[in-house]
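Peer 1: As a plain string of letters, each chain reads:
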Amino acid sequence: MKNINVLVVDDEEPFAVNLSKLLTRRGYTTATAENGLTALRMIGENPFDVVLLDLKMPGLGGIETLREIKKKRPEIQVIILTGHGTVDSAMDGISLGAFDYAMKPITIRDLQEKIDQAHERKLLEEERMRSFVEGMAEKP
Amino acid sequence: MNRSPTESVSSTGSDELLGKAYGGLYRRFVTLTLVCSALPLLLVGWIIYLKYASFSNERMVDYFQRKVEYNRRIVELFIGERTRDLELLGATHSLEYLRNQENLEAVFAAINQRNLYFEDLGVISERGFHLSYVGPYDLMPNDYSVTFWFRGLMEKGIYVSDMFLGYRKVPHFIIAVLRREDGKKWIFRATVYTEALNSLVESMKLGRSGEVFLLNRQGVYQTNSRFGAKVMDKASISMEHFQNDSGIRIIEPETLPASPPPVRQIMAYSWLKEPHWLLVVKQDYDEVFRDLNHANFWTLVFLHVSLFAILIVSIVTTRYMIKVIRIRDQEAQELNRQLLHASKLASIGQLAAGVAHEINNPLAVIMTENEIIRDLGEEMKGLDEGFKKELLESLARVDSQVERCASITQGLLTYSRRSKSAKQTFDINGSVSETVALMKRWAGTTGVSLETDLDERLPPFHSNRFQLDQVLVNLIANALDAHEGKRHGIIHVITRWDSKRNGVEITVADTGVGIPSENLDRIFDPFFSTKPSGKGTGLGLSITFSIVKELGGDITVRSTVGEGSEFRVFLPLESPPGIDDHAQPIGMDDTDEKHQRPCGR
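Chains as they are written, first to last, in numbering that gives the first Met the number 0: chain X, 0 to 139; chain U, 0 to 600.
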């Protein structure tokens with residue numbers, strides 16, 4: 000068990016379910032959300048480390064969802080996962096704070112790499128934040 | 000792009016049709032110009048010419064008529080004056096005085112004192128015999144009572160004769176007046192010098208060919224004619240032509256005697272009152288109308304030269320116009336073709352993006368399903384090893400096909416998002432050299448060599464280097480493919496500075512199999528490929544075309560089947576604005592993958 004909580008946000012249910020299954024088998028704790036609103040609600044209720052976020056979704060789109068995630072839980076690392084392949088939107092995502100982006104279809108190994116890197120980044124940032132807070136506390 | 004050995008390029012069928020169309024246009028323009036400009040000129044020119052000729056002709060005829068009337072009055076005046084001289088002498092001198100020889104000689108000397116008009120002078124009795132005579136002939140014994148003039152004189156009292164020989168046997172004419180004195184009649188008669196009349200009439204001649212002469216009612220010359228006829232010769236012209244008191248006639252050559260050489264003549268005539276002679280003024284028609292004809296000739300010359308000039312100007316102008324129209328048409332045609340192509344590319348780009356997205360999602364599902372089956376297969380215990388091996392191999396094949404589909408959709412996506420790229424300043428020759436070096440490794444053992452000929456004058460180039468590399472890679476890869484089936488070949492990559500267009504021309508020429516002419520118009524179309532299924536997406540040259548256009552350049556191709564192809568890419572020194580300088584460079588096919596890798600921080 001890797002102790003990494005992953006939320007898969009994709010309106011393509013079979014993909015989200017399969018990805019969830021595969022990641023679970025590889026030791027990740029996963030959950031799925033079929034749209035942006037559900038994802039935001041779940042993020043509010045659960046401590047996710049990494050979110051795999053589809054860009055094109057009905058209702059609240061990927062970019063808007065990302066913006067909201069970063070507002071509410073900036074420490075969560077978001078990997079944009081899209082089948083559209085437009086670099087524009089992926090770059091928009093990066094500029095809004097997404098950790099990385101990947102194009103569908105992607106192999107589970109590649110995705111695992113990205114998730115692990117994202118988790119490491121999260122841990123690093125948490126460590127940095129903790130040091131910062133402790134440093135502030137030590138100051139008279 | 001696969002190429003087959005058929006005949007060379009250059010389709011000329013449509014060119015011929017176009018040539019015929021321009022030929023028709025050319026003929027219509029020339030005809031229209033001629034009709035609009037030459038026809039009015041011709042019409043006005045000929046009307047002026049005919050009117051002027053008619054007017055001038057009337058003026059000349061009028062002048063000729065007045066001339067003959069004037070000359071008639073002079074001749075009448077001359078003869079009338081001589082008659083009055085004689086009458087005056089007869090009235091002022093008595094018969095007694097004049098029959099004295101010495102007195103008559105004194106009178107003769109007196110009247111010839113100023114002008115020598117009278118040849119002789121005689122006083123004749125009522126019975127017809129000379130009473131006295133002064134003159135060069137011996138006429139004293141002659142009996143004149145039997146002569147025609149004597150009888151005419153007795154009837155009319157004054158008589159002017161025609162030319163006749165008389166007793167002296169020399170052509171002459173006489174003037175005689177009948178006098179009455181104390182119941183007795185006597186005759187005062189004089190002979191006028193024939194030469195005096197001849198000189199007077201001859202002085203009236205006109206120009207080089209003109210002549211003036213007198214005829215009597217029988218058509219006998221009363222004076223010499225300028226061209227040979229002598230006094231008392233019979234004229235060859237019929238007197239029936241001169242029925243009126245005066246008139247003017249054009250005499251055609253056949254009605255004239257052979258000498259002088261027959262030419263068309265104009266002849267005016269007028270009858271004298273006393274004597275009843277005919278004064279004829281005659282001149283060659285051409286001489287009379289020479290000035291008029293001269294003016295008319297030059298009018299016609301000017302008219303026809305003008306027509307010729309209009310024709311030449313019309314032809315030259317029309318040729319120039321057609322040339323300009325042709326160039327404009329070609330430019331418009333090329334622009335239309337490019338617009339059509341660009342619009343086609345844009346539509347296909349949109350479609351490609353949509354299709355790629357729709358396919359990528361199912362592919363992603365297939366790939367995950369595959370992974371799940373693989374996981375299950377590996378976890379399931381008690382499975383036959385052979386079955387397990389076969390299952391995993393089958394799953395690997397599914398993966399492979401999914402990747403193949405993914406590469407196709409990546410090509411489509413690359414096609415649809417080419418526009419986002421970064422500009423930088425770089426050495427174009429360096430870029431070409433690096434790409435060629437890379438492609439040399441690819442060429443490997445194919446037997447095809449790559450050679451470069453780089454223009455060292457090239458200035459630094461501000462554009463998208465990545466896109467330029469992509470163009471070169473595509474063209475060189477295409478050139479390598481063109482040598483499939485050939486054991487050897489050469490690919491030349493040439494750069495040249497184009498100072499006129501302020502840009503660089505990059506040529507990639509190969510010695511491959513060439514492109515059939517029927518495919519030349521389609522090679523830049525997306526998905527057009529002659530490679531076997533699975534070997535090419537048909538997007539390479541299409542992407543190349545789009546990139547070149549995007550960079551503000553153009554690309555042309557020439558090909559001869561069996562000999563090779565030559566792609567020429569022109570790129571301006573500065574690519575047009577609008578390219579996003581901050582975006583990430585995007586590649587295609589094999590190079591795409593690395594740019595899809597994380598841009599993680």
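In case anyone wonders, no lab produced these hints; they're calculated from the structure. We put the CB at the ideal spot given by N, CA and C, even for glycine. One or more of the hints may lead you astray.
What the hints assert, rightly or not - Heads up, simulated DSSO-like pairs for lysine-lysine below, C-alpha to C-alpha not over 30 Å straight-line:
no., chain 1, residue 1, chain 2, residue 2
1, U, K184, U, K322
2, X, K121, X, K69
3, U, K387, X, K1
4, U, K272, X, K20
5, U, K387, X, K20
Said to hold, decoys possible - Using C-beta positions, here's what the derived DEER-type ranges look like:
no., chain 1, residue 1, chain 2, residue 2, range
6, X, M41, U, R336, 51 to 61 Å
7, U, R521, X, E67, 41 to 51 Å
8, U, H461, X, Q111, 52 to 62 Å
9, U, G484, X, P57, 50 to 60 Å
10, U, E378, X, T106, 10 to 20 Å
11, U, E402, X, N45, 30 to 40 Å
12, X, S130, U, R456, 36 to 46 Å
13, U, R336, X, N45, 36 to 46 Å
14, U, D454, X, F131, 31 to 41 Å
15, X, P57, U, R336, 40 to 50 Å
16, X, K69, U, G484, 52 to 62 Å
Peer 1: Given the hinted pair K272/U and K20/X, is their alpha-carbon gap at most 30 Å?
Peer 2: violated (150 Å)
Peer 1: When you take the CB atoms of H461/U and Q111/X, is the distance between them in 52 to 62 Å?
Peer 2: Taking Cβ atoms as reference, H461/U and Q111/X lie about 42 Å apart, which means the hint is violated.
Peer 1: Could one say that the CB atoms of E402/U and N45/X fall in the range 30 to 40 Å?
Peer 2: holds (34 Å)
Peer 1: Range hint 36 to 46 Å: satisfied by the CB atoms of S130/X and R456/U?
Peer 2: violated (59 Å)
Peer 1: For the pair supplied as a hint, K387/U and K1/X, is the alpha-carbon distance within the 30 Å limit?
Peer 2: Distance ~28 Å between K387/U and K1/X Cα, so the pair holds.
Peer 1: Can you tell me whether the CB distance of G484/U to P57/X sits inside 50 to 60 Å?
Peer 2: Since G484/U and P57/X have Cβ atoms about 52 Å apart, the given range 50 to 60 Å holds.
Peer 1: Is the Cα-Cα distance between K387/U and K20/X 30 Å or less?
Peer 2: holds (21 Å)
Peer 1: Sort out whether K69/X lies within 30 Å of K121/X, counting only the CA atoms.
Peer 2: holds (13 Å)
Peer 1: Is the gap between the beta carbons of R521/U and E67/X within 41 to 51 Å?
Peer 2: This hint holds: roughly 49 Å between Cβ atoms.
Peer 1: Verify the CB-CB distance for K69/X and G484/U against the hinted window 52 to 62 Å.
Peer 2: Distance hint for K69/X, G484/U holds at roughly 58 Å.
Peer 1: If I claimed the Cβ atoms of P57/X and R336/U lie 40 to 50 Å apart, would that claim hold in this structure?
Peer 2: Holds, since P57/X and R336/U (Cβ atoms, about 41 Å apart) stay within the stated range.
Peer 1: Are M41/X and R336/U spaced within 51 to 61 Å by their CB atoms?
Peer 2: Cβ of M41/X to Cβ of R336/U: about 55 Å, so the range 51 to 61 Å holds.
Going through the hint list in order, the structure does not satisfy hints 1, 4, 8, 12, 13 and 14.
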